[in-house]
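Peer 1: The lines below spell out each chain.
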Amino acid sequence: MIRLDQVFKYYRTHGHTKVILDHVSMEFRSGNSYGILGINGAGKSTMMKLLAGTEMPNSGRVRRDARISWPLGFAGGLHGKMTGRENVQFVARVYGQNVRRVVDFVEDFAEIGAYMDVPFQHYSSGMGQRLAFGLSMAVDFEVFLIDEVTAVGDARFQRRCHEEFEKRRARSDIIMVSHAPTTLMEYCNRGIVLANGKLHMFSNVEDAVELYKQLND
Amino acid sequence: MELSLERPSGRPSERASVLRRAGVAFRVQARIVGAVILRDMRTRFGRSHMSFLISLSWPLIHVMIIYFAFVQVAKVVPIGSSAGVFIATGALPYILVLYPGRLLTLAIIQNQQTLMFPIIKTTDLILARVVVEFFSACIVVLMFGAVLTALDVDIVPQGWAEVAAAIFASIYLGLGLGVLNVIVMTLFRLWLVVFIGIMALFWVTAGATTLKLGLSDEARAILSYNPVLHSVIWLRTAYFGDFSEIPLSKSYILGTATVSMFLGLVGDRLLRGRVLMA
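Protein chains in written order, with this note's numbering: chain A, 3 to 219; chain B, 28 to 305.
Certain hints may be false.
[Claimed, not checked] Residues on chain B that point at chain A, a partial pick, calculated with CB under 7 Å:
1) 57
2) 58
3) 59
4) 66
5) 70
6) 140
7) 142
8) 143
9) 144
10) 191
11) 299
12) 300
13) 303
Source of the hints: derived by calculation from the structure; they are not laboratory data.
Note that CB positions come from ideal geometry on N, CA and C, so glycine has one too.
Chain B extracted, bound-state conformation (with noise of 0.2 Å):
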């Protein structure tokens, strides 16, 4: 059976419930998006069928540099008695924020030829983005965690919940910063190095690799800003309780997360026209 052909679009016909529409609009966009992710995951990296698996190797590859680099120098920790799981609790929430962040920023412009079908929206790209970053985040901490496993660094934490909801929260961000990356980025092209260049400022003051508790009351103010901070300090809390460098405000991730997306979105469709001439 054929499906559905066409967005519903126009003035909604008497008879036609809004339910039913909504309904409609939803398979029809979920159909989009589907063979967008598709696309997005066959052509990201050339033509090859190990596309997708090359972009999940980038923030594996990252993140693994940065726990080797650490486990190699560190003498002692600032908490707990490992290395392996200080640096991973540190690194793994930044990571999780930089590459959905950062990968969804090129999700109209690397789809953008996809725009000449008129039933394709730039919000169908967007999505598509999200669910395909979604998921490979999710893929890298779970590699992550088997190769930490292999080196016999136990991860085991306080509670499996606290973890689960710290990492999700984290992607969350990234994905929400990147929704507001992808407008942005089509409207000024330089974005990406600005946005890369703020990552790179939030990894320095995230206490990834060095806490900061010998600051000032004020200079720790200013690092509160920081949202990666806080998904640091979150995940850190599942394996070390409550050791706070700042008062931990999940609030503060998933407002900034949502905002993020809010705005993205909204730019989307008010932009819409010069999105699509960019």
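Just chain A, with the same shape it has in the complex (with noise of 0.2 Å):
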């Protein structure tokens, strides 16, 4: 589904480089999920990027062969000036999915009222995450990238959101970043450690974990 083919990422940093990916190469097959640890500045948010195609490895290649999602809840690609409802008409249309549907199922989740009518940019960060994890959910995506969030907003709400993923769980798979173990084995059935501009790929979570535990010794 995914395919890391002898990929390579840096950064140039205050004259340092910084290797996220040394010449790696990796497949996320389909029908798995992968939770990805690493330590602080490891680069994993970077590889989520490159994984979703929203950065380029400076070689090597990346081929995707499923819908992939943006990562879950963000609102980065959300326009300020729109109001939530001609932000959502846009992420429809885009991804072509019925307009009307999409629209009606995140005003339903979202439960903001009369702000889906208001420019995103009045919206408080609550609101906000509300729109964005929904807009997520309304799209059916074949992978979701998750970088930390799974869910947002106060006690019900974060039900709400574990259901409705729940859903999606059940016919889609999760590349998922965090540095919380237990979320990890919760969603995971692979894991992986990034470190070094290597990925260690585990058949298990829990093996993960051990090698993330000794990292951070």
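Two independent chains are provided; combine them into the complex using the hints.
Peer 2: Right, dumping it as structure tokens:
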């Protein structure tokens, strides 16, 4: 479903070169959900962007054979001057979804009432997260990318997020970045540790957590 | 019925024909470009419903200012009998190159956040802006023509086909330069200033307000590198026949536009990583 082929990715910051992936080849197979661990600054979020295609490798290729989401609940792509409704309509059109169905779903899910017709820049962070999470749930993806966030809002809304996400999990795979081993174990059946530009794949999350703990010691 | 959700990618299925895949890819790209066009028109100048009309008014006001300023001071014109037709045929090609070229420059920068959605590529943003600028330029031409007609300027040419060809060639030149500008601009933020400087030089040497007939052959040879000068001559030949400051080269206009657009699209493909990071 997603294949990394000799992917090399680095950043130059203040004259220092930081290697994120050092000629890595790996396959993320459909039917599996992957939990990615790594110490702070290892490049987990950059790797998620590479998988999504919103960032490019310096060399090598990332091949995608699946419908991949933007990072779950991420609101960075929404335009501040457009209303929530307009933003939702735009995303629905881009992904070829039934616009009315998506708008109705997000309106019902996010529970922000009349704020659907208010420019997004006037939303509180909570309202923005609700809208963004609902939008992520409204489009059918084969692979959900999750960077830490699995739920937003108060306890009742978090329950709704989990319920809705469980429905998606039944037919979608997950690639998740988290510092919380219990969260990864709940959602993923395979573990990956990103360290020193290499990806270490494990057939279960527990073994990946062990290596992660050693790296943190 | 839900449309195809994702761009076809990865290794092609053995069963799927190349043509079928190309058809799906085209439909998906058209869908994305269409959505980006609507968003671009809606957001370019704040969130007003008048946003697109404001963007149209800029080039129209610009060309009208040039027109009125010239007809106020011009006592005689180098060719023809109408100061209005002379300046209109000089200023319009310049405006049709300047505005698409300038506004395309911001195609990625103004829509950068849409790239957070994995399905949207930089090429989609460029194509969307090309479509918007093409139709904007056409509307500006029609509105300018309507204003001149209302002012009782005789804008009937010797041949409408030649007028249309000259106008579309000018727009094509603007779009071609603009596509190249998009890539240069995302890598070099001061490029817009440089481009406006180049366009100012093109304006001065385009013969829009005065012909360059008195210049030496060497000077005219240098001026012949200005594609806007050729655009102006092309439009004027439709009104004044073969008056020729320099030999008109239609292929130079079309070639400059095509090469610029090609370089821009190749640059988008090769430098996409840097463009995304810009």
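Peer 1: Broken hints, numbered, in rising order?
Peer 2: 1, 10
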